[in-house]
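Visitor: For the record, the sequence lines run as chains A and B.
With the first sequence counted from 1, adding 948 to any position gets you my numbering.
With the second sequence counted from 1, adding 665 to any position gets you my numbering.
I should point out that these hints are in silico values taken from the structure, not numbers from a laboratory.
One thing to keep in mind: the hints can contain errors.
[Unchecked claim] Here's a subset of chain B near chain A, in silico, CB distances under 7 Å, partners left out:
(1) TYR748
(2) ARG749
(3) GLY751
(4) LEU754
(5) ASP755
(6) MET757
(7) ARG758
(8) ARG761
(9) ALA768
(10) PRO770
Don't be surprised by glycine CBs; every beta carbon is placed ideally from N, CA and C.
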Amino acid sequence: MTEISVIAALEDPVRRRLYDYVAAQGGGVSRTEAAAATGIGRTLAAFHLDRLAEAGLVEVTFARPAGRSGPGAGRPAKLYRRAMTEHQVSVPPRDYRAAAELLAEVVDVTGAEPELQRAARSRGAAAGRAARQRSPALPDDVLVTGALAAHGYQPYRDGGEVRLRNCPFHLLADRHPPLICGMNLALLEGLLSGAAVTGLSARLDPRPEECCVVLEESKNNDD
Amino acid sequence: MTGYHLAELNIGTARAPTDSPEMAGFMAGIIPVNALADTALGFVWRLQDGDGPGATALRPCGPDVMVNMSVWQDLESLRDFVYRNGPHLDFMRRRRSWFHPMAVPYLVLWWVPAGHIPGLDEALSRLDLLRNEGPGPRAFTFRDPYPPPVPAAEAAR
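Just chain B, with the same shape it has in the complex (with noise of 0.2 Å):
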């Protein structure tokens, strides 16, 4: 344990509304992919609103685009959720038919204290730090991952 928690955001540029036919794929897979995390090992919380399932009817960045956030015990939990599930990888395997690509990074994790829930603000200033700055430990990736901050008492030791 760590006193720390990883959180994660992920935004996409949906290629049609919501209730179009081109999304009907992802708005039916959506509600038991995020019941299988719920119930994944590390699982901590999960962005939701009252409109839709998941956080879909939120759109903080725009009108097309979604957003993602959860908050899990530690990047093995959460790499674990992503690659390692089956019937989420296949979620992801399809995600082109859905969602714009983007060629700025659309996915960004960050540590924070345990028991914090990061507000959209917060992510999103996490998700332009990666974007300026590119991944360093405040904002960084799977790809280039970064270890929890050593707590002041401890550092001091």
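Excised from the complex, chain A in its bound form (with noise of 0.2 Å):
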């Protein structure tokens, strides 16, 4: 399947809230959950993730109902997950992740990284500054979870914290880890202090499959 197709794939409406959905679950995801997430049938739920799953946009897996084990445990269900491959589609065509890979070899060369750790933290400031201009009177943590999932983190709570579920620069930070998960951490620290959120804190804590860092409750934190 060509590039062209597995994002033809996302067009359909329902389809794409479906895609959405099951990305953003950290597990698999029965089709009876994503029928009822997305509010459609479980038929034409059915329907939608096998056709994502046929353009790779989605793994399937099988498991039995947790709690659920040996004979009379009923079939293991169908389970949908989003795959790990990412696609992008350029037209005309560009190479951004080519230059991206030879700047980021410089800096490593040149020990720039302080600099580069600067840049992203002022740009990352002006994003969380433009986010707290539209929506002045939003509590903190809707905000930043709102900017993050603007920029693609796909965030979500786990108790005190919020996780990111999905890292924007994947491939670059699989190829210069300290580089680039210094960047993004620099990027989500501006971010925090050019929205003003004093009750979170960005670290480095890397999960298998999830961005390098989390935002936790900070400590200090007396409102």
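Hints are included, so try docking the two chains, each in its own frame, into the full complex.
Guide: In structure tokens:
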């Protein structure tokens, strides 16, 4: 399947909603769950989920519902989860990835990481200020998760932490972890300070298949 | 199990003497980070000396060049520790405030027979090999890894 036909599989708005839902979940999602979450029938959900699987946008696994095993546990359920492969289409052709690779290599060799982190922090701060100006009255954590979602991080709550399901710089971070994760941390620190959010702080805490940064409730939070 | 372990050497030219304020963050961090390595999955051995935390007092490459050498069960266990352990990744993120950048490779990986503890001579010759010939089966990097050697008996089958 070509990159364009993979992307085209998302053109249908219902399918797109299903993809967004599945991609935002941590593990596998059943047809019933996906149907309920997107407000459509189970048969229609199954049809679209299988189209997404054919396009390689989601992966299919089979698992028994938690707590049931042995004979009589029923058939294993078909579960869908976000595929880790990434797709990129640019018309006309552009190759920012190769340029980013080269720039990252040069930053590595010249030791310009402090400058990269400074630039990232001020870019994050600008995004944070803009988000704050758009919605001055929004509670801090709603504002932050909204801004993170808008930048593709797929944030979710995990106890007192906001974790980020998606790394927007995945391939680059894989090749240059300290460089790109450090840049990302600075971006998010900047976002928090630009949006004047004091109740959350960013730190590095990489988890497999997720972003390397986690936002945790600040210990010195006194509101 | 392959019968081989992965050895790692990493060198860095310090920006200041270890007892200076510039290096205080590094010297304070090295002890807890080494402790994390010791308990990490797949850790086998790391170079130490008697005069400072870790191997910070060893200077086989010159007065300002610090070395770090360790052995791990495989490439993934080392990669998990180096890049997927929060405190270690954060330590690496700050490395430019303590160490000068280098235009030549400063980290080399190579396979050793399980049980073999490499000496500094061996490690530095692998770094030379990487610098002179680029990544290959006898000296490589995270970005261009090579698989462990196939034992002769297995290769003959």
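Visitor: The structure should be examined with respect to each hint, and the outcome stated for every one.
Guide: These are the hints, each one checked on the structure:
no.: 1; hint: TYR748; verdict: holds (4 Å)
no.: 2; hint: ARG749; verdict: holds (5 Å)
no.: 3; hint: GLY751; verdict: holds (4 Å)
no.: 4; hint: LEU754; verdict: holds (5 Å)
no.: 5; hint: ASP755; verdict: holds (5 Å)
no.: 6; hint: MET757; verdict: holds (4 Å)
no.: 7; hint: ARG758; verdict: holds (4 Å)
no.: 8; hint: ARG761; verdict: holds (4 Å)
no.: 9; hint: ALA768; verdict: holds (5 Å)
no.: 10; hint: PRO770; verdict: violated (10 Å)
In terms of the numbered hints stated before, the structure departs from hint 10 and from no other.
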